[in-house]
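Residue numbers (this note's numbering), protein chains in the order written: chain A, 1 to 613; chain B, 1 to 233.
Be a bit skeptical, because a hint or two may be false.
[What the hints assert, rightly or not] Between beta-carbon pairs, the in silico distance windows are: (1) Y156/B x R414/A: 28 to 34 Å; (2) Q355/A x V34/B: 34 to 40 Å; (3) P109/B x T413/A: 43 to 49 Å.
What the hints contain is simulated information worked out from the structure, not anything from laboratory work. No experiment lies behind these values; they were computed from the predicted model shown. Idealized CB from N, CA, C, for every residue including glycine.
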Amino acid sequence: MSPTLIQQLPDLVIGAEPPTDAEQSPSVQALRSRFGESVRAVRMDPVATPVVTIEPARIHEVLSFLKTDSTQGYDLLLDVMGADPGGDLVIQVWYQLWSMEHGRMLRLVALLPRSELSIPSAVDLYRAADWLEREVYDMYGVHFEGHPDLRRILMPENYDEGFPLRKDFPLRGRFTRSEQVRRALNRSTEDVYAREELALAGMLEAETSAAAADAPVGSEAKDYLAGEKMVINMGPQHPATHGVLRLVLQLDGETVVRCIPHIGYLHTGFEKTCEYREWNQVIPYTDRMDYLSPMLYNIGYALAVESLLGVEITPRCRVVRVILSELNRILGHLLWLGTGAMDIGATTVFLYTFQERERIYNLHESYCGGRITTSVTRIGGMLADLPVGWLEACREHVNGLPATLDEAEELLTRNSIWQSRMIDVGVIDAETALNLGLTGPNLRGSGLAYDVRKARPYLGYDEYDFDVPVGAVGDTYDRYLVRLEEMRQSVRIIQQALDRVPDGPINVQDPAVVLPDKSEAMSSIDAMISHFKLVMEGLQVPAGDVWYSIESTKGELGFGLIADGGPKPVRCRFRGPSFVNLAALPHMVEGGLVSDVIACNASIDIVLGEIDR
Amino acid sequence: MAVERKRLPTVDPAAGDVVTGAPVSWLTTKVDAVVNWSRRNSLWPMPLGTACCAIEMMASAGSKFDIARFGAERFSFSPRQADLMIVAGRVTYKMAPILRRIWDQMPQPKWCISMGACASSGGMIDNYTIVQGIDQIIPVDVYVPGCPPRPESLLYGLMMIQEKIKGESLTNPFHREEGADSVGRPNLPPEAIELVAQPFGNSTRQNRISGVEGSSAISRPRDRRERLLEHQD
Numbered sequence: 001m002s003p004t005l006i007q008q009l010p011d012l013v014i015g016a017e018p019p020t021d022a023e024q025s026p027s028v029q030a031l032r033s034r035f036g037e038s039v040r041a042v043r044m045d046p047v048a049t050p051v052v053t054i055e056p057a058r059i060h061e062v063l064s065f066l067k068t069d070s071t072q073g074y075d076l077l078l079d080v081m082g083a084d085p086g087g088d089l090v091i092q093v094w095y096q097l098w099s100m101e102h103g104r105m106l107r108l109v110a111l112l113p114r115s116e117l118s119i120p121s122a123v124d125l126y127r128a129a130d131w132l133e134r135e136v137y138d139m140y141g142v143h144f145e146g147h148p149d150l151r152r153i154l155m156p157e158n159y160d161e162g163f164p165l166r167k168d169f170p171l172r173g174r175f176t177r178s179e180q181v182r183r184a185l186n187r188s189t190e191d192v193y194a195r196e197e198l199a200l201a202g203m204l205e206a207e208t209s210a211a212a213a214d215a216p217v218g219s220e221a222k223d224y225l226a227g228e229k230m231v232i233n234m235g236p237q238h239p240a241t242h243g244v245l246r247l248v249l250q251l252d253g254e255t256v257v258r259c260i261p262h263i264g265y266l267h268t269g270f271e272k273t274c275e276y277r278e279w280n281q282v283i284p285y286t287d288r289m290d291y292l293s294p295m296l297y298n299i300g301y302a303l304a305v306e307s308l309l310g311v312e313i314t315p316r317c318r319v320v321r322v323i324l325s326e327l328n329r330i331l332g333h334l335l336w337l338g339t340g341a342m343d344i345g346a347t348t349v350f351l352y353t354f355q356e357r358e359r360i361y362n363l364h365e366s367y368c369g370g371r372i373t374t375s376v377t378r379i380g381g382m383l384a385d386l387p388v389g390w391l392e393a394c395r396e397h398v399n400g401l402p403a404t405l406d407e408a409e410e411l412l413t414r415n416s417i418w419q420s421r422m423i424d425v426g427v428i429d430a431e432t433a434l435n436l437g438l439t440g441p442n443l444r445g446s447g448l449a450y451d452v453r454k455a456r457p458y459l460g461y462d463e464y465d466f467d468v469p470v471g472a473v474g475d476t477y478d479r480y481l482v483r484l485e486e487m488r489q490s491v492r493i494i495q496q497a498l499d500r501v502p503d504g505p506i507n508v509q510d511p512a513v514v515l516p517d518k519s520e521a522m523s524s525i526d527a528m529i530s531h532f533k534l535v536m537e538g539l540q541v542p543a544g545d546v547w548y549s550i551e552s553t554k555g556e557l558g559f560g561l562i563a564d565g566g567p568k569p570v571r572c573r574f575r576g577p578s579f580v581n582l583a584a585l586p587h588m589v590e591g592g593l594v595s596d597v598i599a600c601n602a603s604i605d606i607v608l609g610e611i612d613r
Numbered sequence: 001m002a003v004e005r006k007r008l009p010t011v012d013p014a015a016g017d018v019v020t021g022a023p024v025s026w027l028t029t030k031v032d033a034v035v036n037w038s039r040r041n042s043l044w045p046m047p048l049g050t051a052c053c054a055i056e057m058m059a060s061a062g063s064k065f066d067i068a069r070f071g072a073e074r075f076s077f078s079p080r081q082a083d084l085m086i087v088a089g090r091v092t093y094k095m096a097p098i099l100r101r102i103w104d105q106m107p108q109p110k111w112c113i114s115m116g117a118c119a120s121s122g123g124m125i126d127n128y129t130i131v132q133g134i135d136q137i138i139p140v141d142v143y144v145p146g147c148p149p150r151p152e153s154l155l156y157g158l159m160m161i162q163e164k165i166k167g168e169s170l171t172n173p174f175h176r177e178e179g180a181d182s183v184g185r186p187n188l189p190p191e192a193i194e195l196v197a198q199p200f201g202n203s204t205r206q207n208r209i210s211g212v213e214g215s216s217a218i219s220r221p222r223d224r225r226e227r228l229l230e231h232q233d
């Protein structure tokens, strides 16, 4: 291979179709005509989402227009994320919107100069923005004006090393390790507990009396006949919080008056760490986020990077990824079923579902060697082709699965204890669910049939015949039924996919993306050069950005990626669905009984690895 | 913080003292045998599961691996009724004071398994938020490698704890080394934390400093701490 050919290699990957013109999008036209100069720039991202850069001061007006105008109807705020492209210039804030009615995606971008990191808050329009904006504040120090409770969310409240995701923040923190340990262990009560809770518990004398004086006569604070409220702390080490979640509950007898979730006890800094890794090296981090259904994260991340690269994966790879996705959907739902039932007191189901999970783990193991941390995908394909006999083993397993589900269902669905613990508990109606940004089975339990596999089909999901189950009331029981039915639908998809696994290569035949065969690398000079370049220089992803999402077990799993043409991502955002879903917990439990907190928390199906990232 | 507390007579092995405690007699060895037998076959784990390893810990409790075969199936979610802490998963600086408090709440005798790479050394995550090995916070008896370890590995770690309990004696004061003054404080001094928290520090230091003897099941975590300090000099 001549040196000129080496230089041509990267061109192979930029063969994507020219994107359709963003100006033709009806939303962009409406924004242009209404907001004129405030629309700074318009472009299209690789998955054909119009990206509109808006003057930061008018972002609230624009969001309000997009939400309320009947021709737009962007009623689901999927993501608010920050990004620091480096160079000490600006910090970007992205708003990712979805219109349920028109089936359109739109991204608003605000560029904030570092001297003035301030932007109007969108919490009064979308309650989903509450935690998302707090996270941007925590990680970038962007001040959201009008946010009711702008505190750090993932880092400790008294964290004073800075804003971790900014480019000038060192990966290992500003202080030495011993200083970090010392500070962590020396926190005073005021630092561990939020001021709000201390006020609730009456530990901040001055503030409580001041609040009581301000309260109008007849309100709660002046109502001396009302019983004394009690504050209890649940977690972060608690068997029913599914990880290190901490809930502060204010109780009036058995009734929950307030519920304040605290997260961040498992904040792993994946997003920061991934900025220091090459594109393919990020994959092992992805399956440690949602360790209940790891392959969905692998596959979603690979698809997102492939969309940036403009690479079309092979037909065999598409079908294999569908099989693995659905297998992992079952895996995730089985864990939810087992632990959820155990939380409510039915221990037997846990043993049934774990038996089934072990069988799926065996399939994982025979494919990639790992049980939980699978890292099966590579950008442009999979780590290897399926081993001989794997498809047959998978078919055998999947055919036997409905029987186990029937067994579990027999134990639960018509069980009177189960029903009385779940029916009409934690009700969330469709409108509230949408406003809170719920996705996945939680949103579908409230009766909205929004599934990314149907709304924006990826991996050829539109070629499969499956139904999207929805609930009627939006209570805990509906969410349970939806997930059970989803497992059966996943079985249907896998059975269809197994019948149509095409022959052919599993990886794209592109030397700039995928490593050549080992045997070839040792015998052919072309293969050796591309092997050398890929290993030494890393996969080069052309400059650009994308927000790509798939349907994970918990809801809409989004990947916000920014590339600068180099071997490492500039920004690697993971929009974990549980993060937004968990913010809905107070709305479910407030006014209910304290024992229902457990049932509600179980029904959201959270995984802390993804919430805290 | 300095609480005056009546302590058992201590000896300094470095100064050449021979660790014997009370005279070992026929009676004490027989009592030891019975006590250790019952202790090691009815361990009540305190599962501090945070991340992926917790799922494998749950799998160990499932029917396929069945931790009940080793008498440790009674997971105690209250630290006050537990004697074996299994730290499964990443521990952040935000979680560190909670980990230390839960450990302090557990009554003696108590043991600790650090399950998985993250808990043992920070693993693949070396950044601003993850504690680079929980032995900086609490003493650890057995490190189980893996990311995550298979349930078999955890069971093997449990067997190593059982092996360790076998070698303990009621007459040995070192078995209850942690006094009231260690409550809420890091397990290692700052210099040692800096040493083990270097990139790859924990995994390489564990081998080099603790050596063959230190990595055996019956050595005390205290040995390692002292060796770290010696190395520092």
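Checked hints:
1. Restraint check, Y156/B to R414/A: a C-beta distance of roughly 43 Å breaks the suggested window 28 to 34 Å.
2. Look at Q355/A against V34/B: about 37 Å separates their beta carbons, and that is inside 34 to 40 Å.
3. Hint check: P109/B to T413/A, Cβ distance near 46 Å, so the stated range 43 to 49 Å holds.
Of the hints listed earlier, the one the structure fails to meet is number 1.
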